[in-house]
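Residue numbers (the numbering used here), protein chains in the order written: chain A, 1 to 733; chain B, 734 to 859.
Just so you know, the hints here were simulated from the structure itself, not pulled from any lab data. The structure presented is a predicted model; accordingly, all values stated were derived computationally and were not measured. Any given hint could be a false lead.
Stated by the list, open to error - Below, in silico cross-link-like pairs of lysine-lysine (DSSO-like), each with a Cα-Cα straight-line distance of 27 Å or less:
| hint | chain 1 | residue 1 | chain 2 | residue 2 |
| --- | --- | --- | --- | --- |
| 1 | B | LYS852 | A | LYS594 |
| 2 | B | LYS844 | A | LYS598 |
| 3 | A | LYS542 | B | LYS805 |
| 4 | A | LYS542 | B | LYS759 |
| 5 | A | LYS600 | B | LYS844 |
| 6 | A | LYS542 | B | LYS806 |
What the hints assert, rightly or not - With beta-carbon atoms standing in for the labels, derived distance ranges:
| hint | chain 1 | residue 1 | chain 2 | residue 2 | range |
| --- | --- | --- | --- | --- | --- |
| 7 | B | GLU858 | A | GLU732 | 41 to 47 Å |
| 8 | B | GLU763 | A | ASN607 | 37 to 43 Å |
| 9 | B | LYS844 | A | ALA605 | 37 to 43 Å |
| 10 | B | GLU776 | A | THR582 | 46 to 52 Å |
| 11 | B | GLU858 | A | THR582 | 29 to 35 Å |
| 12 | A | LEU510 | B | LYS844 | 40 to 46 Å |
Even glycine gets a Cβ: it sits at the ideal position worked out from N, Cα and C.
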Amino acid sequence: MEKLTVKGLLVFSFAGACALLTFYLGVFRGETRVYPHLFYIPIILAGVWYRKKAIYVALFLSGVYILVTHYSLTHLSVDVFERSTILIVVAYIIGLVSEKRAQVEAEIVRERDKFQKILSTISEIIFIIDRDFKVLELSKPQLRAGIEMEDGIPRRYRRIPPSQLIERKEVIGKTCYKGFWGKEKICSDCPVPSVFENGKGVRKMGSFVLADGTMMYLDVEYVPVFDEKGNVVQVIGDMRDITEQKRMEEMVRSAEEQLRETRDYLDDIIKSSADAIVVVDMEGIVRSWNKGAEAYMGYTADEVIGRSNKMFFPDPDEAERIMERVLKEGELKNYRTIVLRKDKRPVHISVSAALLKNKNGMPLGTVRVSRDITKEVELERKIKEERDNLNLIFESMPDGVYIVSKDYNVEFMNKVLIDEFGDRVGNICYEVFHGREEPCPLCKNTEVMNRKTVRWEWHSRRKNKTYDLIETPLKNINGTLSKLTIFRDISERKRMEEELRETCKRLAELDKMKLDFLSVAYHEMRSPLAPIIGYASLLEPKLPDKERRYICNIEKCARDLEEMINRMLELARIDGKKVQLTFEELSIPEVVQKVVKKLKPAAEAKNQILSTLIPELTIQADEQKLLAIFTNLISNAIRYTPEGGRIDIMVEERGEDIRGCVADSGPGIPAEHLPKIFERFYMADTSMTRKSGGFGLGLSIVKEYVRLHGGRVWATSEPGKGSKFFFTLPKEK
Amino acid sequence: MKKRILIVEDAPYMREMLVEMLEQEKGSYEVVGFAVNGKEAVEKYKELKPDLVTMDLVMEVMDGIQAIGEIKKYDQNALILVVSALGTPEYRDAAMRAGADGYLWKPFTVKNLTDVLTKLLEHHET
Numbered sequence: 001m002e003k004l005t006v007k008g009l010l011v012f013s014f015a016g017a018c019a020l021l022t023f024y025l026g027v028f029r030g031e032t033r034v035y036p037h038l039f040y041i042p043i044i045l046a047g048v049w050y051r052k053k054a055i056y057v058a059l060f061l062s063g064v065y066i067l068v069t070h071y072s073l074t075h076l077s078v079d080v081f082e083r084s085t086i087l088i089v090v091a092y093i094i095g096l097v098s099e100k101r102a103q104v105e106a107e108i109v110r111e112r113d114k115f116q117k118i119l120s121t122i123s124e125i126i127f128i129i130d131r132d133f134k135v136l137e138l139s140k141p142q143l144r145a146g147i148e149m150e151d152g153i154p155r156r157y158r159r160i161p162p163s164q165l166i167e168r169k170e171v172i173g174k175t176c177y178k179g180f181w182g183k184e185k186i187c188s189d190c191p192v193p194s195v196f197e198n199g200k201g202v203r204k205m206g207s208f209v210l211a212d213g214t215m216m217y218l219d220v221e222y223v224p225v226f227d228e229k230g231n232v233v234q235v236i237g238d239m240r241d242i243t244e245q246k247r248m249e250e251m252v253r254s255a256e257e258q259l260r261e262t263r264d265y266l267d268d269i270i271k272s273s274a275d276a277i278v279v280v281d282m283e284g285i286v287r288s289w290n291k292g293a294e295a296y297m298g299y300t301a302d303e304v305i306g307r308s309n310k311m312f313f314p315d316p317d318e319a320e321r322i323m324e325r326v327l328k329e330g331e332l333k334n335y336r337t338i339v340l341r342k343d344k345r346p347v348h349i350s351v352s353a354a355l356l357k358n359k360n361g362m363p364l365g366t367v368r369v370s371r372d373i374t375k376e377v378e379l380e381r382k383i384k385e386e387r388d389n390l391n392l393i394f395e396s397m398p399d400g401v402y403i404v405s406k407d408y409n410v411e412f413m414n415k416v417l418i419d420e421f422g423d424r425v426g427n428i429c430y431e432v433f434h435g436r437e438e439p440c441p442l443c444k445n446t447e448v449m450n451r452k453t454v455r456w457e458w459h460s461r462r463k464n465k466t467y468d469l470i471e472t473p474l475k476n477i478n479g480t481l482s483k484l485t486i487f488r489d490i491s492e493r494k495r496m497e498e499e500l501r502e503t504c505k506r507l508a509e510l511d512k513m514k515l516d517f518l519s520v521a522y523h524e525m526r527s528p529l530a531p532i533i534g535y536a537s538l539l540e541p542k543l544p545d546k547e548r549r550y551i552c553n554i555e556k557c558a559r560d561l562e563e564m565i566n567r568m569l570e571l572a573r574i575d576g577k578k579v580q581l582t583f584e585e586l587s588i589p590e591v592v593q594k595v596v597k598k599l600k601p602a603a604e605a606k607n608q609i610l611s612t613l614i615p616e617l618t619i620q621a622d623e624q625k626l627l628a629i630f631t632n633l634i635s636n637a638i639r640y641t642p643e644g645g646r647i648d649i650m651v652e653e654r655g656e657d658i659r660g661c662v663a664d665s666g667p668g669i670p671a672e673h674l675p676k677i678f679e680r681f682y683m684a685d686t687s688m689t690r691k692s693g694g695f696g697l698g699l700s701i702v703k704e705y706v707r708l709h710g711g712r713v714w715a716t717s718e719p720g721k722g723s724k725f726f727f728t729l730p731k732e733k
Numbered sequence: 734m735k736k737r738i739l740i741v742e743d744a745p746y747m748r749e750m751l752v753e754m755l756e757q758e759k760g761s762y763e764v765v766g767f768a769v770n771g772k773e774a775v776e777k778y779k780e781l782k783p784d785l786v787t788m789d790l791v792m793e794v795m796d797g798i799q800a801i802g803e804i805k806k807y808d809q810n811a812l813i814l815v816v817s818a819l820g821t822p823e824y825r826d827a828a829m830r831a832g833a834d835g836y837l838w839k840p841f842t843v844k845n846l847t848d849v850l851t852k853l854l855e856h857h858e859t
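Could you put together the complete structure from these sequences and hints?
The following block contains the structure:
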């Protein structure tokens, strides 16, 4: 039973009113003409609202009409029935039309609901826009910024409160720009107009930065909807949140990138590796061959890929052996073997190999990295040779070689030491050699461990031998230090040194004795000269001229002899360190004048010119010695310069020194003799001895006196032109 | 007045030579005695009291240096001339320290001797 609605009441009231009006007019006023066209009002209303039920209203009203007419009026005319029938027919038709329309509408509503339901179940947000940009449909509530909702809460953009969400009813009928974006004009980047214009779908990606800084990506597809004429009437927007997809894509992309980089990197490594990287399958067939392998094997990849790796090994079983070991151990590390290059030259290699397996763990082959170690092998051979040589040297060395560890463990003794002390390798040195319980007090191990080299002498009381020990740190291959000791038996040398010392002592004594003896001897030699000269001087005035000359000659010779003895005596005293200097301030011109005055007669006797060039200089020196220096040099010059020659005496100041020079115009001294002329009893020309006399002691005395003063003496000469004798003396003591 | 001289010298020919040399200066010197060693020299000096002693250094029994010391101990004014073949500064210093007044280094001529004596005596008198 349908509820009584406003519409029902209205229809009911109109129908009742029409019935009452008919009753009133027919019964009480007796009018035959009622107005059945008024009946159409409720019939039409009922027809519109209640569709086929309008027939009941029509029947009711027709009944009322017929009854009123029958009871109030004269007779029932055909006219009455006709009108009633028209009423019913109208009601029926209206009801029918109305029914049909209602059915269509219901169908539309059903379809729309279905559509709505479908839209709301798909994850995308669908919206429909017509030519005026009016939103016709929105499948789900949406953020104002166009971001999808989930259970009424913005999925990501949480800053926006739910009231800010755009509900479907809010936008339906509004323009999209107003509804979604709150704008008055169409968005500048809107793709919808182009879809209307071109009739082609457009896909637009949008991205948003969310409050948390992450990106949100949207993929919106705008699809045209055509009418039957082919015009675009609507655009359907299909909006998808592809953030997750994007993120996945990004991840995949970056993973791919990384993978690619890694692969490229590995490729680069493999390609550019100096090491050979070779893949060999289970049958021993070469499957991969890099540049490194090409480089030292000489084969190109084309030449070997697909061929058995047996071809590389001079030993035919080696390939099998390597494969077996890799299979057994899963890998191979630094395995050394020999392979043959393309040119058949053998190469030492070090191979590391690993097993390649498929995902089920089945071995597929081996990857082998090998390195040309020919140089290393050669080096090792050399090192071994060196070591053998070294051992040989150690063994054949007359010195003892001894190596002891930081912990006093004897690590090595060479044959010499083993013969001397017994083989103690592997023992603790202080225990086996010295019977101690702790390191010897003299032990240098600590110092050597501090990387110091120590040299010392050790006397073995037991062996009565003295050793010169050189102890030095020895770096072991593992980085630890040991102490290397070289024992040199210096007992013999020690004895010899002792003897030498004794000899030296004796020699020194002898020398002293000699000097003492010489002093006495020279005095004794002088003694006979006393009566010779004395008697000669007594005799001289008593003799006639001729005899007097003889005695004068005797006296002169005796004086020469005396002079010679004096010089020898002086040298002996210098050697005996008995000569001491008495320093005083001296005027050089005065000293020189004294000497010149004394020697002038001798020079004049030989017609020689004695020239001096002496500035006013003073010096702190021993007068007697300075006189002797000048006297010896000048008298030498006079003696060796021939008749009519020239002798120049010059003195000058040279910084802190006084430099004296005595130059003569004598025969000169050959260069080879120059360095030796200051030596005792050395004479440049023995042939001159007789002519010039003297023993060459004068220059020795000059040298010694100059040396005592701290000066230097030397000579230059040009044979044939003359000689120059120089000396320097410090001005101050 | 002749100067009285004591000659201390172990070599006979040297003694003779000295006498001869002194006689060359006629009337100046008179050799009053001889001694052949230091000990004798000291004794002779005490006995003869000469004006001057010529003293050899190298002698037996007692050497010249010792003798000089002894004589000077006995007579501080004694005038002693050393006449010796030893002439190095060490000996000279030793003799001078012992009290010698002059030093004549052998060998020497008549003139050498008389010059030294003259100088010595003059110096001594002043």
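Status of the hints after comparison with the structure:
1. B/LYS852 to A/LYS594: 22 Å, holds
2. B/LYS844 to A/LYS598: 19 Å, holds
3. A/LYS542 to B/LYS805: Between A/LYS542 and B/LYS805 the Cα gap is close to 39 Å, so the pair fails against 27 Å, i.e. violated.
4. A/LYS542 to B/LYS759: 15 Å, holds
5. A/LYS600 to B/LYS844: 22 Å, holds
6. A/LYS542 to B/LYS806: 42 Å, violated
7. B/GLU858 to A/GLU732: 41 to 47 Å: Taking Cβ atoms as reference, B/GLU858 and A/GLU732 lie about 43 Å apart, which means the hint holds.
8. B/GLU763 to A/ASN607: 37 to 43 Å: 49 Å, violated
9. B/LYS844 to A/ALA605: 37 to 43 Å: Taking Cβ atoms as reference, B/LYS844 and A/ALA605 lie about 21 Å apart, which means the hint is violated.
10. B/GLU776 to A/THR582: 46 to 52 Å: With a Cβ separation near 38 Å, B/GLU776 and A/THR582 fall outside 46 to 52 Å, so the hint is violated.
11. B/GLU858 to A/THR582: 29 to 35 Å: 30 Å, holds
12. A/LEU510 to B/LYS844: 40 to 46 Å: 42 Å, holds
Hints 3, 6, 8, 9 and 10, counting from the list given before, are not met by this structure.
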